[in-house]
Amino acid sequence: MIDTTTSDCGCPEGDGVLTLDGSVPVVEITNLWTMFGRTVIHQNLNLKIEQGEIMSIVGGSGSGKTTLLRQMLGLEQPSRGCVRIFGEDISQVDSDALQQLRNHWGMLFQQGALYSALTVFENIAQPMCELKKLPPELIRDAVLLKMNMVGLGPEHANKMPSDLSGGMVKRVALARALALEPQLLFLDEPTAGLDPDRSESFVALIKSLHRELGLTVVMVTHDLDTLFALSTRIAVLAEKHVVALGTTQELLKVEHPFVKEFFLGDRGRRALEALGIPNDSKEQT
Amino acid sequence: MPIAQEPTLTFNSGAAAGPSVTAVGTWQVHALAQGEAMKAISAKLKSLKGKSDLAWDLSEVDSMDHIGAQLFWNAWGKKRPKSLTLSPRLEEFFRRLEQVGPLAMQPQRKQRLNSVMMLGFGVMTFFEHLQGFITLLGQVTLDGVRFLRKPMRGPWREISANIFHAGFQALGITALVGFLIGVVLSYLSAQQLRAFGGDVFLVNLLGMSVIRELGPLLAAILVAGRSGSAITAQLGVMRVTEELDAMLVMGISHGFRLVLPKVVALAISMPLLVIWTDTMALIGGMASALVELNLSPQYFLLKLPDAVPLANYMIGLLKGAVFGVLIALLSCHFGLRIKPNTESLGRGTTTSVVTAITVVILADAVFAIVFSGVGFR
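Chains as they are written, first to last, in the numbering used here: chain C, 9 to 293; chain F, 3 to 379.
Keep in mind the hints are simulated off the structure, nothing from the lab. Since we're looking at a predicted model, the values are computed, not measured. Even for Gly, the Cβ is constructed at its ideal location relative to N, Cα and C. One or more hints might be untrue.
Said to hold, decoys possible - Computed footprint of chain F on chain C, listed as stretches where at least three residues anywhere in the stretch have a Cβ under 8 angstroms from a Cβ of chain F:
#, region
1, 108 to 117
2, 145 to 152
3, 163 to 172
What the hints assert, rightly or not - EDC-like cross-link-like pairs, simulated, lysine to aspartate or glutamate; straight-line CA separation at most 20 angstroms:
#, chain 1, residue 1, chain 2, residue 2
4, C, 141, F, 38
5, C, 167, F, 308
6, F, 51, F, 64
7, F, 41, C, 29
Looking at chain C on its own, in the form it has when it is part of the complex (with noise of 0.2 angstroms):
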């Protein structure tokens, strides 16, 4: 039986101020512990995500990287252990506080989830109207900017997400996660369900938001192209917590064996080739 009865995750405590200059850690979490009934998916898990990196979480299914996003984004708690965005414990902060952090966030869902009673348009919108203070005209040309820099075109404005590809309801995603300039963007299965070609321009797009509005990003992904080509540095969960942490190069000399497997099975060493990524582990057993 594992001993839960520690609570002090021994972290220091917030301020209730949002703290966005970098001088701490984007997301911190802490001896993080979430158990299913008594099923334990994590255990003592802990990760620090810097200023402008892309972090990248895999892992093999049911290794609860969608549950620690999930975490991270305040939509479930983890049974102990402390998850802080921006310096400040989410289970802990104000509404007020929340509700700001909400706003220096986005997120892009695996399918999207646009409201799909709502126009392109009108779901860019709505973080913006929310907000109750910006000019009408002003959220109109921020909302075509938007689309225009994930790639969409303003004849798509008026068009019903049920009318839309795949890969547009991404983009579409993508711009609503934007809407707010957020500094931290998070992304579930960001190519998923999208072909090799638009997979790639969506990498090339999520690099280049990077660069230009230098966000922090955290993705939780399983197509290793995307892994690569994105990722400044890479956390392997398994066994219950994060295994290794790194950059591809990094990972690659790790010797555990999950780690070898994901990266050096076939379609990692093809991933890397096609990439150009050197590979100086051994070659070929």
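Let chain C serve as the given structure and place chain F on it in line with the hints.
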């Protein structure tokens, strides 16, 4: 909670190189949305609108985002002002805005309908629904024939599940509503009957109205609200999640596996619910009669067969079965027409329940006319 410096604009008319505007602070959407900042800036920009040869100094701006940049850009009439002082960090925002150029949204085509066209649309929609409904009815009939030919291969499991959900699980609510209506009806009738000294006719009044009319109608309305909405929503969600398409791809007919079991289940469980509701309403009526008129339940039960001929009971059961079939067909009809979005789901469910209840009452009127000479003595 100050996380940003308030964005402000200062107009300086007396500078050496002509009038100038200086912007300071954080020109990011969060700062703009804080407090009254946006209002002040809008007012300022409005007052500057006519002046074209202003010198803009943005070098004091400590950070900016695309929305802040757009705000300036719009104030400048979507082009660079002649004189602009800018730190290189901000250059990129304006370069992008310049690159993108004017973005115009196509005006949404508004449908202008006058009342005649609306009427036309309404009638067309009605006939469209009618056609769809008749098609569904035909499909169900064919499926029913297929079922009767090979009963062993029928959707027994679905039928039994539907009987459980639509019938058994509705026992509680129909009992409660039936009992209360019985109490109220008996109480009110007793008051009136006592005024004429016709206390004993309470049994006739109550028995006739409950068994012939109210029992079936009450059960049908409750089932339409409970199961009708559930069926429509279930089919609608199956459309949204593409389960309906998956069934077609596997060669499983919607009519045979989804519609037929619901129709059969409601055709079986509705008459049973009618019996149940009748019983409960009569028990309620008896209880009220005992209290109000001191009419003993024994007398009530003895008198009932004389007061209400058996034909009425049969008509009630028949009504129940017909109402059940109608409710199932209508909710399936609307459920299968739902489009894969949330709004359509909500609207479809509402329409389905409203239509089902209306149609049940219409059918009840038809029954009243058709059987106008039956069951009275």
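Evaluation of the provided hints:
1. 108 to 117: holds (count 3)
2. 145 to 152: With 6 residues close enough to chain F, the hint holds.
3. 163 to 172: holds (count 6)
4. 141(C) <-> 38(F): holds (8 angstroms)
5. 167(C) <-> 308(F): violated (67 angstroms)
6. 51(F) <-> 64(F): Violated. Residue 51(F) to residue 64(F) sits at ~24 angstroms, over the 20 angstroms cutoff.
7. 41(F) <-> 29(C): Violated, at roughly 27 angstroms.
Figure legend: structure checked against the earlier numbered hints; hints not met, in rising order: 5, 6, 7.
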